[in-house]
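Asks: Listed here are the chains, written in short residue letters.
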Amino acid sequence: MGFFKQKKNQPVQEKVIREDKMPPHQSTASLEKNIQYMKEELRNSTDLKIRLLPGNKQALVYLDDITDPDKMQRYIFEPLLKTDGDIKKIKDREENDDLNKAVSSLLAGKAVYMIEGNATFYLFNVQQNVTRAITEPVNEKVIKGSHDGFNEDIKQNINLIRRRIQHRSLTIKKLTVGDYTESEIALVYVEGIVNPGVVKELEKRVKNISNDSLLSAGAFSEYIEDRTYSIFPQFLSTERPDKTVSQLMEGRIAILFANNPTCLIAPVTFYAFYQSPDDYNTRWLVATYLRFIRLFSFILAITLPSFYIAVVGFHFEVIPEALISPVLGSIRDIAYPPIVEAILMVIVIELIRESGIRLPSPIGSTIGIVGGLVIGDAIVTAGLVSNLMVIVIALTSLASFVVPSNEMSDSLRILTFPLIILSSVLGFIGIAFGLLMVLIHLCRVESLGLSYFTPIQFRDLKDTIIRVPQFLMKRRPEQLASPRPYKSNELSDEND
Amino acid sequence: MTKSDTKQKITLSQLAYIFIQSQIGVDILNLPTVLHREVGADGWISLLIGGVISIFFVLMIVHISRCFPGEGLFDIMKSIFGKTLGSVAGFGYYVYFLVVAIYLLTSFGELINEWLLPETPILVLYALMLICAVYTISGGLTLIAKVFTFFAVILFLISVLFLFGFVDAKFIYMLPIGQASFSDYIEGIRVTLYSLSSYVLLLLFLPYAQGSYKKQTRTLVGANLIVIFFYLYTVIVSFAHFGSDQIDHVSQPVLYMLRTADSVIITRIDIFVLSLWTVFAMTAFAAYLYGAERAFAKIPKSKKKMLNVYTAAIIVLAVSYWSGLNEKNFRVIIDFQDKITEYFTVLIPILLFLLSFLRRKDKKKEAVQ
Numbered sequence: 003m004g005f006f007k008q009k010k011n012q013p014v015q016e017k018v019i020r021e022d023k024m025p026p027h028q029s030t031a032s033l034e035k036n037i038q039y040m041k042e043e044l045r046n047s048t049d050l051k052i053r054l055l056p057g058n059k060q061a062l063v064y065l066d067d068i069t070d071p072d073k074m075q076r077y078i079f080e081p082l083l084k085t086d087g088d089i090k091k092i093k094d095r096e097e098n099d100d101l102n103k104a105v106s107s108l109l110a111g112k113a114v115y116m117i118e119g120n121a122t123f124y125l126f127n128v129q130q131n132v133t134r135a136i137t138e139p140v141n142e143k144v145i146k147g148s149h150d151g152f153n154e155d156i157k158q159n160i161n162l163i164r165r166r167i168q169h170r171s172l173t174i175k176k177l178t179v180g181d182y183t184e185s186e187i188a189l190v191y192v193e194g195i196v197n198p199g200v201v202k203e204l205e206k207r208v209k210n211i212s213n214d215s216l217l218s219a220g221a222f223s224e225y226i227e228d229r230t231y232s233i234f235p236q237f238l239s240t241e242r243p244d245k246t247v248s249q250l251m252e253g254r255i256a257i258l259f260a261n262n263p264t265c266l267i268a269p270v271t272f273y274a275f276y277q278s279p280d281d282y283n284t285r286w287l288v289a290t291y292l293r294f295i296r297l298f299s300f301i302l303a304i305t306l307p308s309f310y311i312a313v314v315g316f317h318f319e320v321i322p323e324a325l326i327s328p329v330l331g332s333i334r335d336i337a338y339p340p341i342v343e344a345i346l347m348v349i350v351i352e353l354i355r356e357s358g359i360r361l362p363s364p365i366g367s368t369i370g371i372v373g374g375l376v377i378g379d380a381i382v383t384a385g386l387v388s389n390l391m392v393i394v395i396a397l398t399s400l401a402s403f404v405v406p407s408n409e410m411s412d413s414l415r416i417l418t419f420p421l422i423i424l425s426s427v428l429g430f431i432g433i434a435f436g437l438l439m440v441l442i443h444l445c446r447v448e449s450l451g452l453s454y455f456t457p458i459q460f461r462d463l464k465d466t467i468i469r470v471p472q473f474l475m476k477r478r479p480e481q482l483a484s485p486r487p488y489k490s491n492e493l494s495d496e497n498d
Numbered sequence: 007m008t009k010s011d012t013k014q015k016i017t018l019s020q021l022a023y024i025f026i027q028s029q030i031g032v033d034i035l036n037l038p039t040v041l042h043r044e045v046g047a048d049g050w051i052s053l054l055i056g057g058v059i060s061i062f063f064v065l066m067i068v069h070i071s072r073c074f075p076g077e078g079l080f081d082i083m084k085s086i087f088g089k090t091l092g093s094v095a096g097f098g099y100y101v102y103f104l105v106v107a108i109y110l111l112t113s114f115g116e117l118i119n120e121w122l123l124p125e126t127p128i129l130v131l132y133a134l135m136l137i138c139a140v141y142t143i144s145g146g147l148t149l150i151a152k153v154f155t156f157f158a159v160i161l162f163l164i165s166v167l168f169l170f171g172f173v174d175a176k177f178i179y180m181l182p183i184g185q186a187s188f189s190d191y192i193e194g195i196r197v198t199l200y201s202l203s204s205y206v207l208l209l210l211f212l213p214y215a216q217g218s219y220k221k222q223t224r225t226l227v228g229a230n231l232i233v234i235f236f237y238l239y240t241v242i243v244s245f246a247h248f249g250s251d252q253i254d255h256v257s258q259p260v261l262y263m264l265r266t267a268d269s270v271i272i273t274r275i276d277i278f279v280l281s282l283w284t285v286f287a288m289t290a291f292a293a294y295l296y297g298a299e300r301a302f303a304k305i306p307k308s309k310k311k312m313l314n315v316y317t318a319a320i321i322v323l324a325v326s327y328w329s330g331l332n333e334k335n336f337r338v339i340i341d342f343q344d345k346i347t348e349y350f351t352v353l354i355p356i357l358l359f360l361l362s363f364l365r366r367k368d369k370k371k372e373a374v375q
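Protein sequences, first through last, are from chains A and C.
Just so you know, we're using my numbering here: the first sequence kicks off at 3 and counts up by one.
Just so you know, we're using my numbering here: the second sequence kicks off at 7 and counts up by one.
Incorrect hints may have been included.
In silico contact screen, one side only, chain A against chain C (beta carbon under 7 Å); selected entries [to be verified]:
1. Lys84
2. His317
3. Phe318
4. Glu319
5. Pro322
6. Ile431
7. Ala434
8. Phe435
9. Leu438
10. Val440
11. Ile442
12. Cys445
What the simulated footprint calls covered on chain C by chain A, stretch by stretch (three residues with Cβ under 8 Å from a Cβ of chain A suffice, anywhere in the stretch; the number is not a length) [stated by the list, open to error]:
13. 134-141
14. 238-252
15. 280-294
Keep in mind the hints are simulated off the structure, nothing from the lab.
Heads up, the beta-carbon is just placed ideally off N, CA and C, and yes, glycines get one too.
Extracted from the complex, chain C is given alone in its bound form:
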């Protein structure tokens, strides 16, 4: 390890916050509607099952990282798949991270355009977002950890604001339970798992994290539980607030819910929540951009870190702009993401997990010592 690597240590709580912040992106605002369309009133059950599965994935990831101490995602893949295949997989992840970053950016732009700034050229929003993210990444892992930790307060704040949704909530909307078919559940679980899929990024951060394997596991499972509960809370509030008839027709149920909420001092809480949401969008986006930067750094052995960041940023900006031009382009991106997500978030991690038993390095080291 080089000197700068050993210097960049992140504490366990920072690791947890990084995980939380990279998971909560823009998706969660749509999630209730999407789940309801797929599974109906039982959407929250499939969310719960999906959450449990995601915990297994987190456990797998921690195990993989434990088998290859000090190695990041790309080194691990090279160790497992061999040099050529590992590099190909690394490039695949580069594309995947970029696509997710593009998706996050465009969906954020879309959201803001739709709710707050219909007249503003979307490119301005993209540029501001990129500047913030690049500025965060350029400070290295320590800055990312600090920034993500700082903004964790907002999760709490937003959770409190969501309480407004309970004012008109009718929990009878959740009934009857167990109406959806098996295939609907599978579809719901798939959607859930994708929106919780940032566990892949953990492989980039785990080598720098302090603490024992046990503590890391505990922290990350805890962080994952927090996110799952936040998702569950959001979904249940929106289901209970809107009911089956309405929810299919509102794209961001939580925001609509807050729009109608009445508070004494200010009206339209949704606008504040949206502004606060910028933070979540930024942190999730920055996390994936960081992933892309790391991936790119491993492929052509590029030494200049900022160059990697800028290349990634420019690619993201260009593609986002292209996809924002019309609906068709946007669909292309989303379809492409749908296609590759399965490989990179489910199949490759499972493959890595299984193969990590064969090629693990931690046992060998112990034997040498």
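Pulled out of the complex, with its shape left as it was, chain A reads as follows:
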């Protein structure tokens, strides 16, 4: 296997040490030397400010852009005036003599106070908080229910969860990932409800991540997913605290990221992508009806174009008699075979969608009108695509947008392509084989070691395809193997 053994020519790479694992570097009594060391370690960055205090015996070192001048005034200078310049009398200070620790504190937004002739220095937290107001997530709006959402500040996000679950068993475990970025992530779960094996597995996977940076929830999920090559998302992502909390109470784990409003939820099943917080806020019959609509939309989204192509290309006899002449009339004058039509139309819709995302909303709606009405009409009159195909593809993309989860809807849109190809080659049998493969694959996928797509059992029906009234949902999902399988104390010994 010499073909693969070309590692010899690889460049030798220096190993990066994470900030929290830096070996200690003893500070000296000389102020100048200490400052010099810090300057070098920070690569002479210009935002490193060194403020020499009167007398040039003391210095305050900080990174200008991530510290708050107000806080510095309040926490350092004002108390300093009160205590006549004696730093040791100020409360809220940390003492240290490891210069590397000083550097990493600087990076975290702290100010370092140093005194000539003293190896000990003092750290003050004067970090500037940049937070966005709590707003409703744009991509997960609901009609009824709470309208708050996560933002980029992980503390605020945890606050939103803690406020909803006021119990001591809500556990938060913070870990850092990324050798350069040291991104903070928090695993949130309710001890006693969550399956401890799953938590262990997740922690193990997180600790195995080795990378310079971890910037997004999506990238993170690719590191710890069971099947990265699968088309289906194995983590549910949400920006809604209410959704997160309801999943936590089912016995799942939420993963929060610093500087990222997205929260990942695992382990999930396929059905979780079809549940919306709205479902639990409306009457159960209405919610069940909506679930049916979504299930129908799932089937529609992946099979409608291929079904149409199969009917037109192979099984014309399936169409009822009265419909044959309108269908024939619509496709007779089209130059291209149905598969080309379908792919053309899908591309048009994807273009409209993609361009709509990038543009600001006032122009975005214009694009929708231009794309939908003008192109849709013109493409038919030009004879490129048949009337029916426009209807079919438009319905398909509408159906794919019904899915409450964004990434699942993307997956569905990609899934239509292989089915289109199979159906244009083999007709219904092609669709049957395609769906068979998809379903076998779904049965194969796991989310954190638990099955992703369980065959529907009668008991699990209650919150998957239909939603029964709350008081009937006595059990937590079977799949999670929760140590507390029932949702309330009284019902524990009752069988359902």
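Assemble chain C onto chain A, guided by the hints.
Replies: For chain C alone, kept in the frame of chain A given last:
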């Protein structure tokens, strides 16, 4: 037992679904015609008798498995027949499973070629079928169990669609009862028993199944009853729909029956049913391919599981292609299958059952404990 074996447990309901799905293959579409040719209007009676006999076989199989706890078909044969003879029998089963898989594949290809895709090269269908089956098997027992369980919905769906057959049904076609001769009945029972013969596969799944012996028996007999009722339902619908004059001339009576059925939204329900039937064909095929893979794993002590699956798949594909070339080759396969089926589905199970009383291992273990 190794660690992976203990991990792969299947629940009782999964066991039942595996049994159901491995029994319903492509055969059932032809069964009414075949039965009618053999027994005449009394075909359904011989089906019923054959069904009852198959239940006895299921009971025997469960008993054999109980006598050798934790052992699959091939280990049991080695324990009973001794090492050499057991290995020979194991190889025999390898061939048998492969032949059944080939038969299922070719008859599915034939069916689709005849009904839906006359122009498509049959090899494409074989390849797709193999890909699906190999993908299922490669996931191990748990995946097989899950997939088979999931697709059980389709049995229900198809049963409902068959109701269309009752629209023009005349039950007077079933009369008079008891016209066929004794030898005709025997022939009909034989045909029935062969089409219900996947109980042999149960010996592969039973060691991994949860639940007590009693529960397993109950579940499997229940599953067998479901299949027998489905068969009976199919046969009676087609007999009542077509009548004695026509049924001998239509090879897939159920499909013809649905072809003429009129529904409001779509015409030609038969096409949908055929597409759905792909699932049954696939699951039955996958079950036998799994059997072949297990058998092969025991003979040369091959450790690489996927290699076994691929070898089995390639053999199946090659032979299926060869048999699809012309009618003569196809007959060779069918004749060969007819010849060996009796040994592997009737004689060896009975022999195993009788000998299992002598060499049972469960009693010994209890004595040691």
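Asks: Taking beta carbons only, do three or more residues of the region 134-141 of chain C come closer than 8 Å to chain A?
Replies: holds (count 5)
Asks: Holds or violated: is there a CB of chain C closer than 7 Å to the CB of valine 440 (chain A)?
Replies: With a minimum Cβ separation of about 11 Å from chain C (threshold 7 Å), the hint on valine 440 (chain A) is violated.
Asks: If you take the shortest Cβ to Cβ gap from proline 322 (chain A) to chain C, is it below 7 Å?
Replies: At about 6 Å, which falls below the 7 Å cut-off, the nearest Cβ of chain C leaves the hint on proline 322 (chain A) intact, so it holds.
Asks: Taking the closest Cβ pair, is leucine 438 (chain A) under 7 Å from chain C?
Replies: holds, 5 Å
Asks: Have a go at the phenylalanine 435 (chain A) hint: is there a Cβ in chain C nearer than 7 Å to its own Cβ?
Replies: For phenylalanine 435 (chain A), the interface hint holds, since the closest Cβ of chain C sits about 5 Å away, which is under 7 Å.
Asks: Quick one: see if chain A covers the region 280-294 of chain C, three-plus residues with Cβ-Cβ under 8 Å.
Replies: holds (count 6)
Asks: Would you settle whether the hint for glutamate 319 (chain A) is holds or violated, based on the nearest Cβ-Cβ distance to chain C being less than 7 Å?
Replies: Constraint on glutamate 319 (chain A) satisfied, holds at 5 Å.
Asks: With chain C as the partner, please determine if histidine 317 (chain A) meets the hint condition of a C-beta pair closer than 7 Å.
Replies: The hint holds - histidine 317 (chain A) has a Cβ within 7 Å of chain C, the shortest such distance being about 5 Å.
Asks: Could you check if phenylalanine 318 (chain A) really has its C-beta closer than 7 Å to a C-beta on chain C?
Replies: With Cβ-Cβ at 10 Å, over 7 Å, it is violated.
Asks: Let's test the interface hint: is any C-beta of chain C closer than 7 Å to that of isoleucine 442 (chain A)?
Replies: holds, 5 Å
Asks: Counting residues of the region 238-252 of chain C with a beta carbon closer than 8 Å to any beta carbon of chain A, are there 3 or more?
Replies: With 0 residues closer than 8 Å to chain A, the region 238-252 of chain C misses the three-residue bar; violated.
Asks: Using the nearest Cβ pair, does alanine 434 (chain A) come within less than 7 Å of chain C?
Replies: holds, 4 Å
Hints 1, 3, 10, 14 from the list above are not met by this structure, while the remaining hints are.
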